[in-house]
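The hints should help you fit chain B onto chain A, whose structure is shown.
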Amino acid sequence: MNLKSITLGQYYPVESPIHRLDPRTKILLTLALMVAVFLVRSLVGYALLLGFVYLAARIANVPFKLMMKGIKPLRFILILTFLLNLFFTTQGNVLFHWQFITLTDQGLKLSVHYSLRLMFLVICTSLMTLTTSPIQLSDGLEILLSPLKAIHFPAHELAMMMSIALRFIPTLLEETDKIMKAQMARGADFESGNLIARAKAMVPLLVPLFVSAFRRAGDLAMAMEARCYHGGEGRTRLRVLKFTRADLYAALAVAGLLVLIILEGRLLPAGWLL
Amino acid sequence: MTEERIKVEEVSYAYEEGAAPVVKHVSMDVRPGEFVAVLGHNGSGKSTLAKLMNALFVPTEGRVYIRGMDTADDERLWDIRREAGMIFQNPDNQIVATVVREDVAFGLENLGVPHEEMLGRIEQALRTVGMSAYAESAPHNLSGGQKQRVAIAGILAMRPSCLIADEATAMLDPSGRAEVLQTVRSLCREEGISVVWITHFMEEAALADRVIVISDGEIALQGTPREVFPQVERMRELHLDVPRMTALAARLRAAGMPLSDRILTVEEMTEEVKAALCPSN
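In order, the protein sequence lines correspond to chains A and B.
For the first sequence, my numbering gives the first residue as 1, with consecutive numbering after it.
For the second sequence, my numbering gives the first residue as 1, with consecutive numbering after it.
Only chain A is shown next, with the shape it has when bound in the complex:
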């Protein structure tokens, strides 16, 4: 494992108009897209959505395959959702009946709907996480959540924690590597044995790692205080987020999609292609 070239999260670092969008725009538009997923009534709507995300992936310079990859870890949940809806829906016309198994047209519709919805939810969020660096995401979230400070929601603290975590991931990985080598030099074996044996072997790795992480946390807190850190109040920021014309276009595109999907639900005769 090359520790120096590790990438964090899913971020796919290329240049594109979508990468340059304001993270706030991307977060809000992703939410809008998720709403759109739930408004879809027919296969035509899903086709629209698919076309939209495919186009977005092209503009973002992100391989479409990479976006689909997010679905893979969900395959069991997808299959389960599909089967449960298929077998346990009793409404509608019976298509097939054998002993205790009953398949209805309604059940088939629902299972296709639910699985497609799940898939599109994942694809839409990957579109955001692939094109937005974690630090930008936390900046965006901090600002979007800042109105909640009125009810004592720690928006700034969360963002700060996130950025410190990101800062220390490479440091701690390096340290893990060091401790592992030190333990291996003394005969520790991390690779063989069954799951339980391997989990046990991790203990002498995790204990020193935790101890050092706590020590680092103490040091860092002191260093931050020494540099006048006193929470989010009265703080200015080096990274300023700015809405540009591109953000407007992106918002319009998503709004257009939403309108089309709503129209599709209203205009097409009920039950047409699902």
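Mixed in with the good hints there might be a few duds.
Unchecked claim - Derived Cβ-Cβ restraints for the label pairs, each shown as a range:
#1 182(A) x 257(B): 44 to 52 angstroms
#2 182(A) x 174(B): 46 to 54 angstroms
#3 150(A) x 123(B): 32 to 40 angstroms
These aren't lab readings, by the way, just hints derived from the structure by calculation.
The model shown is predicted, which means the values in this text are computed figures rather than measured ones.
Each residue gets a CB set at the ideal place from its N, CA and C atoms; glycine is no exception.
Relative to chain A, chain B alone:
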């Protein structure tokens, strides 16, 4: 300006009430542009003394003033920490951000400096420590010495008048150590920043304007390096070394060679030995 930048008056400090103090009745001051080295073996209280100067700790007894501001005064806390910047031993554990220039900005963000002003200050601070080329780098890809320079830039951007370095070179390799020390010395000479340099490296202390030796929380010796280091025996009693050349000179002198007791560096040693061996030249 003759006013002291840092004034420590009869300060004692104990970590807990009733516990034995780790700093006992220390008084010292640091003048503008002065480079003061604080020496002491492990557990002598030198680190605690450093933290007292940045209001991270408040004295149990006595007072610490930074440019006339009492560190016990909560109202001035952020002014004090801005004036007396502090760098720590572990270069990794004081860098907050994932990109160098954002780390330099951290202090400025905390002070509420406007965005436009920040950019210039960051640029200037990075230039001063010679790290401009790394502005967009990730800190974990830098060497230890570079990380310490970034930490120094983070302090410099806040425009402090004092820099307190708590064993800032202890975890660095020799070249990193030289690089950091040189950066700090030039800040001291060129920008007139007062430096309190806490260390256990004698060679570093030999470059200071003044050396203060702490033992068991008390000041055991102080003066210019040339006043302090020739007291080889006294330093040994305090479990401290003297610069290698000073130690060598002391032994040669004991063996009968006519050397002065003011030798600190290799160059001075060469000169004196030359003079002693070939008096005719």
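Evaluated hints:
no.	hint	verdict
1	182(A) x 257(B): 44 to 52 angstroms	holds (47 angstroms)
2	182(A) x 174(B): 46 to 54 angstroms	violated (24 angstroms)
3	150(A) x 123(B): 32 to 40 angstroms	holds (37 angstroms)
Figure legend: structure checked against the earlier numbered hints; the only hint not met is number 2.
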